[in-house]
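This is what each chain is made of:
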Amino acid sequence: MFMFLKKTVPFLITLGMGIYTFAYYFMPHRAMQNIWDQLSNWAIIVGGGSMAVGIVSMFRTYYKRSMNRADPNRYYCMITLVCMVGMAVIGFVTGIGDGTLFNDLFLNVMLPLESTMFSLLAFYIASAAFRSFRLKTFSAGLLLFAAVVVMLAQIPAGENISKQIPVIAAWINEYPNVAAQRAIMIGIAIGSVATALKIILGIDKSVFSGAGKV
Amino acid sequence: MTTMNKSNQDTESKKWLNFILNLDKRIVYVFMFFAVCLPFFLNPVVDIKSTPRVQSAFDLVEEAAKNHKAIMIGFDYDPSTLAELQPMAVAFLRHAFSKNVPVVGINFLPNGTSLAASTMDQIAKEYGKKNGEDYVFMGYLPQPTLVLLNLGEDIRKSYKVDYRGIKVDDIPLLKNIQNYNDFHLVICISGTRMPSSYIVYGVNRYNFNYVAGVTAVSATEYYPFLQSGQMKGLLAGMKSAAEYESMAGRLGDGMRGMASQTWGHITIIIFIIIGNILYYARKRMDVK
Amino acid sequence: MSTNPWIWIGAILTLLVFSYLWKENPFYRLAEHVFVGISVGYLVCITWFNVLKPKLFNPLIIDHEYILIIPFIISILMLFRFSSKHGWISFWPLAFLIGFSGYAIPASIDANMLKQIQATVNVSFGNDFMSILNATIILVGTLSCLIYFYFSIPHQGVIGRVAKLGSMLLMISFGASFGFTVMARISLLIGRILFLLRDWLGVVH
Chain A
0 MFMFLKKTVP FLITLGMGIY TFAYYFMPHR AMQNIWDQLS NWAIIVGGGS
50 MAVGIVSMFR TYYKRSMNRA DPNRYYCMIT LVCMVGMAVI GFVTGIGDGT
100 LFNDLFLNVM LPLESTMFSL LAFYIASAAF RSFRLKTFSA GLLLFAAVVV
150 MLAQIPAGEN ISKQIPVIAA WINEYPNVAA QRAIMIGIAI GSVATALKII
200 LGIDKSVFSG AGKV
Chain B
0 MTTMNKSNQD TESKKWLNFI LNLDKRIVYV FMFFAVCLPF FLNPVVDIKS
50 TPRVQSAFDL VEEAAKNHKA IMIGFDYDPS TLAELQPMAV AFLRHAFSKN
100 VPVVGINFLP NGTSLAASTM DQIAKEYGKK NGEDYVFMGY LPQPTLVLLN
150 LGEDIRKSYK VDYRGIKVDD IPLLKNIQNY NDFHLVICIS GTRMPSSYIV
200 YGVNRYNFNY VAGVTAVSAT EYYPFLQSGQ MKGLLAGMKS AAEYESMAGR
250 LGDGMRGMAS QTWGHITIII FIIIGNILYY ARKRMDVK
Chain C
0 MSTNPWIWIG AILTLLVFSY LWKENPFYRL AEHVFVGISV GYLVCITWFN
50 VLKPKLFNPL IIDHEYILII PFIISILMLF RFSSKHGWIS FWPLAFLIGF
100 SGYAIPASID ANMLKQIQAT VNVSFGNDFM SILNATIILV GTLSCLIYFY
150 FSIPHQGVIG RVAKLGSMLL MISFGASFGF TVMARISLLI GRILFLLRDW
200 LGVVH
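Protein chains in written order, with numbering that gives the first Met the number 0: chain A, 0 to 213; chain B, 0 to 287; chain C, 0 to 204.
Source of the hints: derived by calculation from the structure; they are not laboratory data.
The structure presented is a predicted model; accordingly, all values stated were derived computationally and were not measured.
Using N, Cα and C, we set each Cβ at its ideal position, and we do this for glycine too.
Hints should not be assumed to be uniformly reliable.
Unchecked claim - In the PhoX-like style, the derived pairs of lysine-lysine whose C-alpha atoms are separated by at most 20 Å in a straight line are:
#1 K282(B) <-> K135(A)
#2 K84(C) <-> K6(A)
#3 K84(C) <-> K204(A)
#4 K204(A) <-> K5(A)
#5 K5(A) <-> K84(C)
#6 K114(C) <-> K231(B)
#7 K135(A) <-> K163(C)
#8 K174(B) <-> K128(B)
#9 K159(B) <-> K52(C)
#10 K231(B) <-> K65(B)
Claimed, not checked - Here are a few chain B residues that sit away from chain C, every Cβ distance over 12 Å (derived from the structure):
#11 Q8
#12 K14
#13 W15
#14 I19
#15 P51
#16 D58
#17 K68
#18 K124
#19 N175
#20 A247
#21 G248
#22 R281
Could you build the full structure based on these sequences and the hints that come with them?
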């Protein structure tokens with residue numbers, strides 16, 4: 000019975016939902032549509048509710064680390080917890096609209112922090128260009144040529160150097176690039192379809208694992 | 000004696016080459032910083048040639064104005080891609096509001112929700128547009144694939160209220176809007192895989208005019224959709240935003256950044272060239 | 000220079016993150032941990048006000064739509080994931096959500112495979128040299144790239160040469176991608192520098 004609940008029930012739910020949603024694609028019939036409307040609404044709610052798993056998991060992890068005197072980062076973890084709880088409380092008290100403290104904190108604390116963290120990548124790419132981008136083989140030459148042409152085409156100076164640079168860059172993007180990216184896209188589609196089929200048909204059960212370890 | 004001198008000279012040169020090749024990365028960073036920083040003090044770029052993929056996006060907004068139809072914008076970006084995608088969003092909004100095109104905003108990325116709401120409010124204020132009448136932001140919802148499918152049937156199936164908590168049926172703008180058919184154009188601005196989801200779950204089934212604004216990093220992935228006709232236009236990174244601003248005749252942060260973009264690219268190209276010259280010079284010495 | 004305290008906070012936090020470029024330091028770590036905390040707190044509120052309140056709480060409590068007890072229970076079952084004894088219960092809601100991928104199978108085949116194959120084979124050859132060349136690149140190029148990814152047959156002889164052509168096209172595409180990546184990364188830095196110079200220091204307009 001235990002194995003039935005643990006293994007068979009999730010498999011049956013996935014199979015049933017999988018067959019229904021697969022059929023819905025081909026049969027947007029009124030009855031099918033009504034079921035879809037209900038189920039999709041539930042799924043959106045469950046999707047929102049599932050955020051709780053991530054939030055609880057993170058809270059537990061940071062709380063444990065904050066309480067661990069041996070952890071050298073315990074004070075940082077405390078700061079994370081205070082910010083997490085503080086932001087949530089402020090949001091619930093003030094609301095999330097324009098002009099609230101919650102919105103101000105987003106625009107003036109979270110936004111600069113996140114955007115600056117990602118802007119560091121500009122420095123790393125400069126360092127990588129200097130240290131690692133080497134013209135060692137013919138293939139690397141093709142890569143380098145395409146990269147430089149596209150880089151030049153993206154700036155007004157490129158056209159000043161030669162009127163042909165934007166034309167060549169557009170050609171690279173619209174023909175060789177389309178051929179390569181289309182092959183990658185088809186490959187990914189085949190892979191994702193195979194994975195979805197394996198999960199729905201119960202061949203791949205790895206998604207139903209890992210509980211109790213978070 | 001001469002041979003010894005030459006050998007010393009070679010060792011000295013090799014030492015120098017190794018020193019430059021293993022240059023402290025912070026020195027490289029300083030060059031990059033100044034390459035981006037200093038051009039802001041130069042005259043800004045004011046004109047830029049448009050590409051057909053951006054032109055067609057612009058034309059679709061113009062058509063929406065002519066046909067008196069609304070457009071839908073998916074603000075699916077967060078602060079991590081702000082500098083690239085925000086100028087695009089602002090350019091689209093300014094163009095739409097200047098032509099009295101109503102805009103409905105949606106969002107599938109929680110970290111970008113307040114950003115989208117603030118941007119819409121701010122640009123609407125510039126043009127004296129009213130929330131609920133000229134524009135509306137529906138807020139964030141998870142499960143984008145399901146919401147995109149539901150939007151093809153009825154917007155009310157997924158959205159009960161807008162971002163401000165106003166009931167959908169009480170929003171004047173949405174009175175005559177039911178599904179994709181009521182929009183002349185759907186735009187997705189995102190640095191994620193979301194623009195593909197719009198195609199798989201929206202365009203494929205409901206066949207509407209669709210344009211994507213993506214980060215430059217992911218631009219190459221979307222060209223096949225452009226060639227297959229599943230996408231009518233494509234904006235890629237800050238350059239496309241600058242092109243759009245230039246066409247709309249209202250310069251913004253996209254154009255403001257083009258001088259720095261130019262010097263940044265030139266710096267990277269110089270780094271690649273110097274790096275390769277030094278690499279081959281050292282290799283030649285090693286062979287000797 | 001700005002007199003708005005919020006701009007100052009944003010500028011100081013920006014500089015704290017930039018300090019990482021010099022080396023890992025406590026100021027950067029502080030900024031990093033503040034960011035993690037704030038963003039999770041933000042997520043909680045956005046999810047509540049945009050999803051759970053209008054779609055679950057209000058209809059259930061105010062409009063008495065009791066059918067919504069079902070998704071509420073499904074959401075609660077998710078939390079069993081933390082139990083080492085009853086963790087398997089969380090597989091049920093997971094199975095419910097995963098089941099929707101059934102729709103993705105035909106949708107993905109249609110949009111990402113059939114439409115793409117259609118666009119490849121229907122490519123217009125035209126009359127001039129460039130049109131013929133471009134159409135050939137699309138047609139032969141896509142096929143050769145697919146062959147490059149097909150490892151069930153050895154890449155020797157004709158197959159090897161076709162795969163080699165595919166790998167060259169892939170290299171060109173990756174090169175273009177790198178060129179665009181440079182643009183993307185520099186744009187992100189431009190955004191922050193513009194904030195510091197214009198919004199904070201007010202030295203540029």
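Quick rundown of the hints versus the structure:
1. K282(B) <-> K135(A): holds (11 Å)
2. K84(C) <-> K6(A): holds (15 Å)
3. K84(C) <-> K204(A): With Cα atoms ~19 Å apart, K84(C) and K204(A) stay inside 20 Å; holds.
4. K204(A) <-> K5(A): holds (11 Å)
5. K5(A) <-> K84(C): Holds, at roughly 11 Å.
6. K114(C) <-> K231(B): holds (15 Å)
7. K135(A) <-> K163(C): holds (17 Å)
8. K174(B) <-> K128(B): With a Cα-Cα distance of about 17 Å, the restraint between K174(B) and K128(B) holds, given a limit of 20 Å.
9. K159(B) <-> K52(C): OK: K159(B) and K52(C) at ~10 Å, within 20 Å.
10. K231(B) <-> K65(B): Status holds; Cα separation ~18 Å.
11. Q8: For Q8(B), whose nearest Cβ neighbour in chain C is about 36 Å away, the distance exceeds 12 Å, so it holds.
12. K14: holds (26 Å)
13. W15: At about 25 Å from chain C, W15(B) clears the 12 Å cut-off, so the statement holds.
14. I19: Given that every Cβ of chain C is farther than 12 Å from that of I19(B), nearest at about 20 Å, it holds.
15. P51: Holds: least Cβ distance 15 Å, greater than 12 Å.
16. D58: Correct as stated: the minimum Cβ-Cβ distance to chain C is 22 Å, above 12 Å.
17. K68: Answer for K68(B): holds, closest chain C Cβ roughly 25 Å.
18. K124: Non-interface label on K124(B) holds, nearest chain C Cβ at 18 Å vs cutoff 12 Å.
19. N175: holds (22 Å)
20. A247: Holds: least Cβ distance 19 Å, greater than 12 Å.
21. G248: holds (19 Å)
22. R281: holds (24 Å)
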